[in-house]
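Chain residues, written in single-letter form:
4 protein chains.
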Amino acid sequence: MPDEFHYQRRVEFCETDAACIAHFSAFFQYMEQAEHALLRHLGTSVVAEDETGTISWPRVSASCEYTGAVQFEDVMDIVVKVARLGTTSVTYAFDFLLRNESVATGKLTAVCCRLQHGAPPQSIPIPT
Amino acid sequence: MPDEFHYQRRVEFCETDAACIAHFSAFFQYMEQAEHALLRHLGTSVVAEDETGTISWPRVSASCEYTGAVQFEDVMDIVVKVARLGTTSVTYAFDFLLRNESVATGKLTAVCCRLQHGAPPQSIPIPT
Amino acid sequence: MPDEFHYQRRVEFCETDAACIAHFSAFFQYMEQAEHALLRHLGTSVVAEDETGTISWPRVSASCEYTGAVQFEDVMDIVVKVARLGTTSVTYAFDFLLRNESVATGKLTAVCCRLQHGAPPQSIPIPT
Amino acid sequence: MPDEFHYQRRVEFCETDAACIAHFSAFFQYMEQAEHALLRHLGTSVVAEDETGTISWPRVSASCEYTGAVQFEDVMDIVVKVARLGTTSVTYAFDFLLRNESVATGKLTAVCCRLQHGAPPQSIPIPT
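Chains as they are written, first to last, in this note's numbering: chain V, 1 to 128; chain D, 1 to 128; chain U, 1 to 128; chain W, 1 to 128.
By construction, these hints were calculated from the structure, which means they are not laboratory data. Treat the hints loosely; a few may be bogus.
[Stated by the list, open to error] If you want the ones that stay clear, here's a sample from chain W, every Cβ over 10 Å from chain V, calculated:
no. : residue
1   : L42
2   : V46
3   : T52
4   : P58
5   : E65
6   : A69
7   : E101
8   : V103
9   : A119
10  : T128
[What the hints assert, rightly or not] Ranges of calculated distance between the beta carbons of each label pair, as one might list FRET restraints:
no. : chain 1 : residue 1 : chain 2 : residue 2 : range
11  : V       : E49       : U       : D77       : 32 to 42 Å
12  : D       : G68       : U       : D77       : 30 to 40 Å
13  : D       : S123      : U       : E73       : 47 to 57 Å
14  : W       : T88       : D       : E51       : 51 to 61 Å
15  : U       : A119      : W       : T88       : 47 to 57 Å
16  : V       : G53       : U       : T88       : 19 to 29 Å
17  : D       : Q122      : W       : S102      : 17 to 27 Å
Beta carbons: idealized from backbone N, C-alpha and C, even for Gly.
Using the sequences and the hints given, assemble the complete structure.
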């Protein structure tokens with residue numbers, strides 16, 4: 001796991017709103033996409049199979065603080081760090097940079113769970 | 001099945017774009033939501049279970065012609081008609097009205113399919 | 001302003017993801033839609049005009065804690081309260097109930113701003 | 001203008017639905033993103049400014065035929081061609097390929113318009 005991971009993301013037109021900026025909810029999709037890119041970089045996926053079924057990462061917490069705004073075709077540099085790695089959960093911290101200035105910061109906490117059809121997700125220790 | 005079904009839909013802020021109108025792709029979500037409201041009105045759902053598994057309606061075709069635009073908080077009256085009812089497929093026709101003027105028309109064709117895990121959807125006769 | 005405001009919201013199919021639940025980012029759109037419904041109930045809008053231009057409410061903070069999940073066609077009761085009313089900003093608190101059980105709670109802080117073309121939004125006292 | 005333009009696009013998790021495939025409406029966002037990538041490749045943008053104001057491209061027609069489906073993390077090769085270039089409008093044709101097999105084809109027609117605040121878009125000859 002690198003200390004930090006960088007993910008480039010261009011703001012798409014359908015993500016802008018009538019205030020001519022990316023909608024605040026889009027940043028949560030950006031966080032997830034950066035997380036998934038990190039997992040691909042590490043050779044895994046947010047949805048993985050092992051011999052006993054499917055492992056996935058339901059979210060328990062998500063937050064974002066906005067200090068700026070981004071517009072159509074702006075390219076952000078999203079910096080991802082692991083803020084906390086627990087036994088069954090991980091918290092990612094994100095910094096959204098536009099032209100080297102932070103426009104937002106966010107956090108996402110996900111729990112490692114075994115998914116079984118017809119039952120609620122059950123948290124399990126993160127595979128190592 | 002009524003001759004036509006009416007579905008009221010307000011344009012939400014996150015559906016607008018930097019041109020200050022509902023994004024053209026939102027109309028396809030509106031069509032689907034009007035279809036689902038019609039199916040609920042008929043006492044069924046787009047995802048139904050029978051004794052042998054799950055039945056759903058993958059889309060094979062979707063189109064929309066735009067003659068106007070709608071903005072945040074506009075309330076549309078979406079008129080749904082069954083344009084064609086085949087043995088295994090149905091085509092819905094939609095008219096999007098704002099203050100009694102058509103701003104768009106669309107079509108959506110879906111095929112009745114049995115879904116089985118690990119296999120492609122298989123078209124089946126529409127249950128009656 | 002009522003002590004609390006209730007907003008009913010059905011989970012639409014396009015808001016679900018491959019885990020068969022509403023995507024976590026959808027809850028931020030639900031919060032905003034509940035806020036806008038409250039503002040309409042109060043006879044105003046999130047985008048208002050006064051004699052000197054446009055007033056709007058950029059977000060400075062958004063967060064959500066998830067304790068459950070919702071599926072296609074689930075109807076949530078979203079309870080909105082004003083958690084804090086400052087001079088220039090307001091914080092809303094949301095509780096998402098499904099069959100009277102909380103599945104998520106969230107907060108959204110927005111700043112009252114005057115929007116001027118070509119300039120950054122400027123915070124102003126909330127009109128009374 | 002090249003005869004055809006290729007745009008790679010990975011299916012993101014938030015674009016999938018409870019049928020575990022990319023939602024049919026996402027293909028219209030993919031088309032637009034491929035169009036915008038083509039315009040950037042040509043050194044322009046879908047929202048351009050000239051000396052007399054803003055020029056943009058409202059959509060008058062959009063359609064998609066689906067012959068397959070794509071899942072989370074699938075990478076599509078989207079082939080864009082100009083199907084028709086008129087005086088004021090352009091029609092793009094799209095082919096969505098997954099592992100060299102077509103899963104969908106689409107069309108998008110846009111009209112070159114001058115945008116003026118408070119007036120409907122006015123179609124103009126495409127700048128050359």
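Check the structure against each numbered hint from earlier and tell me which ones fail, lowest number first.
2, 13, 15, 16
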